[in-house]
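Engineer: Taken in sequence, the protein lines are chains A and B. Mind the numbering: the first sequence is residues 1 to 363 in the working numbering, read in order. Mind the numbering: the second sequence is residues 1001 to 1363 in the working numbering, read in order.
Think of the hints as simulated: they come from the structure by calculation, not from any bench. From the three backbone atoms N, C-alpha and C, an ideal C-beta is built for every residue, glycine too. Keep in mind that a hint or two might mislead.
In silico SDA-like pairs for lysine to any residue, Cα to Cα no more than 25 Å straight-line [what the hints assert, rightly or not]:
1) K1239(B) - K333(A)
2) K37(A) - L1323(B)
3) K333(A) - R1097(B)
Short derived list, chain A residues pointing at chain B, Cβ under 8 Å [said to hold, decoys possible]:
4) T119
5) G123
6) A158
There are 2 protein chains.
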Amino acid sequence: MASVIKVNLPQQSYDIAIAPGSLEQLGEFMTNLHLGKKVLLVSNPTVFQLYGETAIASLKAASFEVASHILSDGEHYKTLASIENLYNTALENRLERSATMVALGGGVIGDMTGFAAATWLRGINFIQVPTTLLAMVDAAIGGKTGVNHPQGKNLIGAFHQPRLVLIDPDVLKTLPIREFRAGMAEVIKYGVIWDAQLFAELEASQRLDEMGHIHSELIDTILTRSCQAKADVVSKDEKEAGLRAILNYGHTIGHAVESLTGYRQVLHGEAVAIGMVAAGQIAVELGMWTQQQTQRQDVLIEKAGLPTKLPAGLDIEAIIEALQIDKKVKAGKVRFVLPTQIGAVTVTDQVPADIIRQVLVRM
Amino acid sequence: MASVIKVNLPQQSYDIAIAPGSLEQLGEFMTNLHLGKKVLLVSNPTVFQLYGETAIASLKAASFEVASHILSDGEHYKTLASIENLYNTALENRLERSATMVALGGGVIGDMTGFAAATWLRGINFIQVPTTLLAMVDAAIGGKTGVNHPQGKNLIGAFHQPRLVLIDPDVLKTLPIREFRAGMAEVIKYGVIWDAQLFAELEASQRLDEMGHIHSELIDTILTRSCQAKADVVSKDEKEAGLRAILNYGHTIGHAVESLTGYRQVLHGEAVAIGMVAAGQIAVELGMWTQQQTQRQDVLIEKAGLPTKLPAGLDIEAIIEALQIDKKVKAGKVRFVLPTQIGAVTVTDQVPADIIRQVLVRM
Ligand SMILES: NC(=O)c1ccc[n+]([C@@H]2O[C@H](COP(=O)([O-])OP(=O)(O)OC[C@H]3O[C@@H](n4cnc5c(N)ncnc54)[C@H](O)[C@@H]3O)[C@@H](O)[C@H]2O)c1
Ligand SMILES: NC(=O)c1ccc[n+]([C@@H]2O[C@H](COP(=O)([O-])OP(=O)(O)OC[C@H]3O[C@@H](n4cnc5c(N)ncnc54)[C@H](O)[C@@H]3O)[C@@H](O)[C@H]2O)c1
Ligand SMILES: [Zn+2]
Ligand SMILES: [Zn+2]
């Protein structure tokens, strides 16, 4: 039950390999990539304690020379200062051009390791071993890497494609339930924006809110189809010139919610869930899709244990204002990704503020 | 008397424009590149005092919104800390994806500005306005950007191609004479490794050691042919996979000399001059070219007021040892670029240590 998805890029293509138990074969998976002997495994204490030993054993069995670097756990440490520490470890271990950094962790570890790999000796090899659902279906694919600036998320970064993304669904068993659900928001997103078949499979499932209650075949489908969706989009638009914008479905209002709640109270995936509910309603108001379609989406969101309402106490005018300063604003116009049917969206900057307000008031 | 050289790259090509007085037309040169309105001009106090006003006036005349950031002067400040300051200015001025950073200065300013542009919002537009001879013929072309790690030069960096390199030879009039000569070392290098015609033109000139004593037509030839040489090499090998190695002619022993003298006593170009003399002798010892050819090279180096001997007191065994830890060493073998005729070189890791020793003892 192993699937391989190809990400085709003009300069360098790579595989996303999805297979239960594959963490034990990490070293093997890396042997055909013409990598140098030296590997720096980057992780955080939580993930390293659970999976570090398995990863290292597999790398050593495949004759890699392994060093490791443990970054503190949490978005709070996604900083340039953490990257400086990583550079020091790279230097101590004399990582040369042919060396490889392996990210073992969620999106935070993946983004930071990728950025360090992008900028050490002007770019060394980089492998993603995502361990959260969000990182598996989203963050690990597409080559966006980076860290936060004290005054803004992901302002500092680089495009640097991994040589391989290795997904072992088994590691999701230890993922906190809330993190699992947050990842499911992005999965539902792919269903709405790109893959009606995935949407249908999600609809057919009894539950979506807990790993333990989802059939392993559906987990495989979720991972495979989500990764395929992201791979399709990024192959068509590597550097975010156009199409890639559709991946921001639910993220316009989502980002406003995250930023107004200080990036703590609401997880990214939860904010995206709220944003998709709002975007669906806006599309209905604009006559782009039907009340019935948006309800089908909202049912999935609820089934995944995700919020469909704005957090209590959030000021609607503050949201409208926050939309204006989002970095996706072009020439003062707020850009929305809106569904036109299940599996297809359109991008528009023609949403009247009144409609946004009206929809938010009802939430 | 304006020349334009095209750097052809698969993802994005760009022009190197060479014209006396062109700094006054910086804004104009930038108008056809589809850049956003916002420009951040990056310079140092020395260069900004001389040319900042002209650059800014020209940018404003072309309707750009200009902010500036002044970095301290010197290799010593080529650090990640300086880049953090640059990010802060980028944020204060709300530089978006469409914004442009313009580097006005020598290689230090160019490398740092390029790195900041490579990593701000995962890459924004970047323009090189080199003001040293070395930056004009070498550092500004090819997309290598970066900063130093406390323990090694240029260890942190990224490939990020400029959208334009604008060269105004007139600014060389204020360049300290020693810096001018250091740049001339790289010019002579292109003559030896790539362009026999350039070599011949340098031979035909009475003097090469001072801007004021070189005919302006020869300055134009020097700039045009050197930039063409670098452009040829980097277009054929954007990411330093092979051919680009020939640009390291003179740099193997040159780097060892620089590092052993603490990067202060000897300028980079001076070290390269010494390295070329050594490499020429090694090639003679190996029967690859003739004593007469190496003498023709050394005459040029002397005519440019550059050193041809090792700095007094430098230990030869220390040089041999330093060669081993240079980052260009692959699997323990020291890689040398050696001339086979005027205008052509070969790369080899088959130079016996005895020959290196023998040649150095004579210097
Ligand atoms: N590069 C991209 O394209 C992209 C896309 C989306 C998000 N991101 C970034 O990803 C980050 C969010 O990633 P995330 O949601 O994975 O959060 P995360 O990396 O912080 O992981 C969430 C938590 O789960 C823990 N964890 C991870 N795997 C585990 C496992 N298997 N078992 C038990 N605990 C585990 C982590 O230690 C952490 O505490 C953000 O910084 C965001 O900017 C990047
Ligand atoms: N990116 C590359 O491919 C590449 C290639 C070669 C060198 N470099 C880098 O370039 C740097 C060296 O560059 P450099 O030799 O230009 O040194 P530099 O940038 O330090 O400039 C030398 C000095 O000249 C001054 N100066 C510059 N232009 C002037 C002018 N027109 N009039 C008066 N003073 C002027 C500067 O303020 C400085 O004090 C090193 O950091 C090196 O690593 C990069
Ligand atoms: Zn997201
Ligand atoms: Zn050089």
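Engineer: Next, verify each hint and record whether it holds.
Structural biologist: Comparing the hints with the structure gives:
1. Between the alpha carbons of K1239(B) and K333(A) the distance comes to roughly 38 Å, so the proposed pair goes past 25 Å and is violated.
2. Restraint check for K37(A) and L1323(B): satisfied, since their Cα atoms lie roughly 22 Å apart, inside the 25 Å limit.
3. Among the hinted pairs, K333(A) with R1097(B) is consistent with the structure: their alpha-carbon atoms are about 15 Å apart, no more than 25 Å.
4. Annotation: interface hint on T119(A) holds; nearest CB of chain B at approximately 5 Å, less than 8 Å.
5. Because the smallest distance between the Cβ of G123(A) and any Cβ of chain B comes to about 7 Å, under 8 Å, the interface hint for this residue holds.
6. At its closest, the beta carbon of A158(A) sits 5 Å from a beta carbon of chain B; the interface hint therefore holds under the 8 Å criterion.
Of the numbered hints given earlier, the model fails hint 1 alone.
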